[in-house]
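A.B. asks: What follows is the residue order along each chain.
2 protein chains.
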Amino acid sequence: MASAPIKFGILGCAKIARKLSRAIVLSGNAAIAAIGSRSLEKAVGFARENGFPESARAYGSYAAVLDDPDVDAVYIPLPTSLHVQWAVLAARKGKHVLLEKPVALSVSELDVILGECESSGVQFMDTTMWMHHPRTHQMKDFLSDSTTFGQLKSVESNFSFPADKAFLENDIRVKPDLDALGVLGDAGWYCIRSILWAADYDLPKSAVALPDAVLNDAGVVLSCSAELQWQDGRAGSFRCSFLADLNMDVTILGTNGTLSVHDYVGPFQENRATFSTHVKSGSVLEHTVTTELPQEALMVREFSRLVASIKFGAAKPEKKWPTLSRKTQAVVDAVKMSIDRGYKIVDVTY
Amino acid sequence: MASAPIKFGILGCAKIARKLSRAIVLSGNAAIAAIGSRSLEKAVGFARENGFPESARAYGSYAAVLDDPDVDAVYIPLPTSLHVQWAVLAARKGKHVLLEKPVALSVSELDVILGECESSGVQFMDTTMWMHHPRTHQMKDFLSDSTTFGQLKSVESNFSFPADKAFLENDIRVKPDLDALGVLGDAGWYCIRSILWAADYDLPKSAVALPDAVLNDAGVVLSCSAELQWQDGRAGSFRCSFLADLNMDVTILGTNGTLSVHDYVGPFQENRATFSTHVKSGSVLEHTVTTELPQEALMVREFSRLVASIKFGAAKPEKKWPTLSRKTQAVVDAVKMSIDRGYKIVDVTY
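Keeping their order, the protein sequence lines are chains A and B.
For the first sequence, the numbering used here assigns the number 224 to the initial residue and increments by one for each residue that follows.
For the second sequence, the numbering used here assigns the number 224 to the initial residue and increments by one for each residue that follows.
Just so you know, the hints here were simulated from the structure itself, not pulled from any lab data.
Any given hint could turn out to be false.
No copy labels: a pair is met if it fits in one copy or bridges any two.
As the list claims (entries may be wrong) - Dumping the calculated SDA-like pairs for lysine to any residue here, alpha-carbon to alpha-carbon at most 20 Å: (1) 567 <-> 429; (2) 428 <-> 567; (3) 428 <-> 565; (4) 503 <-> 466; (5) 316 <-> 399; (6) 503 <-> 389.
In isolation and in its complexed conformation, chain A is listed as follows (with noise of 0.2 Å):
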């Protein structure tokens, strides 16, 4: 690396961070700073079993994570409706955002976040961590050959994972009050954004929510699907659950070809992954793509990098990101009006 690490502040002590802690550190370009935590006790435990390095320091409220001039950008992996509050007061103090998805409860909440970084001048990125990993740039070029792969035509989504009771009385993601959004914000923005992925990020004009949704006595979904359209003819759907088996199988129709993948989220393996291509009347292709870094640390490094020519050059924050992010929650919002409103089809604006 050419410039000095980017120095990370954590917010919180979800469990998510644990994982974006030693993302931080194989990164090569980032290093952790500091944590903080509504308990000065559960951040020092938190630095100490997740082998903090000595300087790094611990802070009893997220607060003073954002004023410790040594922190470049801050991880933000609180519950939501927390989100605006702190991404903005982050962005506010100079601190460069990396937010969990879903990134807000809604755009407008989403638009205030980004207002703040682009005054600010910080960069933002959500955590959508599969976008970093080498094989889905090999993905995006088989659907990027007009030849082997054709025009897109229907892509499928499924993200679940079976909940099991204490989740489903206890995790925020049940919450109404916490992440009200529910498994739509959680594993539904995975499939959303493979969706806009293979679509080129193309907005489609509608999305509507099929009449399966199961919601919990608080009014949070924890299982739905949805089918997004594009004018062309182009269709994405996708079926997000708390309450089925693990699935993470991404199918992508092409008039040529097709791509599968069983494992898009997050590979089962951390330094191999595979997917499959089959091209009219030929046989299904297994194609194995290996990476030194798991993706949460490719996405680290990618953030840290634009951080440090921001930081260290004249660079401006990339946009692609928070356009990214206000695509993926344009779509959220969609779908869950759709639900809100008995399974209609909703215009997406954006």
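Given the coordinates of chain A, work out where chain B should sit on it, guided by the hints.
C.D. replies: This is chain B only, laid out in the frame that chain A set:
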């Protein structure tokens, strides 16, 4: 075989009749007795090209096959619009009926056929070949295991293949006067059957087509998708298309396990077929099922076994098969109605 072979008459020289002719020969309990075409020359040519036995008669009409006293059963691969006429006539002549799918243009039409078969005491079966593959039974064993698979949550079923220009202009499956259901009656029939099969043939309460149907200028469906919903939360979605690459994937999610198959309609290899299963936090298991006879021969064998037990024994026609046809047709009808009504949710009536 304990009894003499069941003698088949074939109505028409459709391409699929070649496959069925071979299946009759392979079945071990059936034989080809006659073929009829509107053109005697075509019938003679078909018999010669497909190696029919010397004893087989070629006729210049469908009616002549039905009048042949040596014919026990007819295989009818005629365009769907002709099914009522010829299946009813066949039944009246006491011929057992093996009918190509889609069996009819609507349940009302099918009921005319089934009523005639019942009053004439002849066996009825449609040609959903994959039902007869031993893999299908092994997959069902997995789905029936409430410990490993758990309760069914969702089914996704696909059948697409890329039709060429000639097909899209001239095939009977795109002609409103011949096969008005288009891809829904053709490929969609298999998708719907697979979902019903996974749901133990419980009929869904409702169906909704997704707003992505592609119709040709004559109003025949070339591509569509739909979801079926059960009262208890089970859901089955499917996509059928003449406009995308070959895909025959079915994925069935339970609370604990997953079943995936990539060629459910017709195995890529004739004598072996695979499927994979996944059970909660375990790895994916691949299963291989071998078969001496191709699925279409096993279908003919089962049909002929039932016919023989009526002809040579005291058995009544097996009601399972007409019931499955009728349930499948009922769902086809509901999906078609949903498309016609602008993608409204439609109750499945039976």
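A.B. asks: Are the hints correct? Go through all of them and say.
C.D. replies: Hints and how they fare:
In the homo-oligomer, the alpha carbons of residue 567 and residue 429 lie at most 20 Å apart both inside one protomer (10 Å) and across protomers (15 Å), since each shortest distance falls under that limit. Both within a single protomer and between protomers do residue 428 and residue 567 lie at most 20 Å apart by alpha-carbon distance, with minima of 14 Å and 19 Å respectively. Within a single copy, residue 428 and residue 565 get their C-alpha atoms as close as 19 Å, and across copies as close as 16 Å, so both meet the 20 Å cut-off. When the C-alpha separation of residue 503 and residue 466 is checked against a cutoff of 20 Å, the pair qualifies only between copies, where the shortest distance is 12 Å, while the shortest distance within a copy is 36 Å.
Taking the closest pair of Cα atoms, residue 316 and residue 399 never come within 20 Å of each other, the shortest separation being 29 Å inside a single copy and 66 Å across copies. For the homomeric pair residue 503 and residue 389, the shortest alpha-carbon distance between copies (17 Å) is at most 20 Å, but the shortest distance inside one copy (47 Å) is not.
The structure does not agree with numbered hint 5 stated previously, though it agrees with all others.
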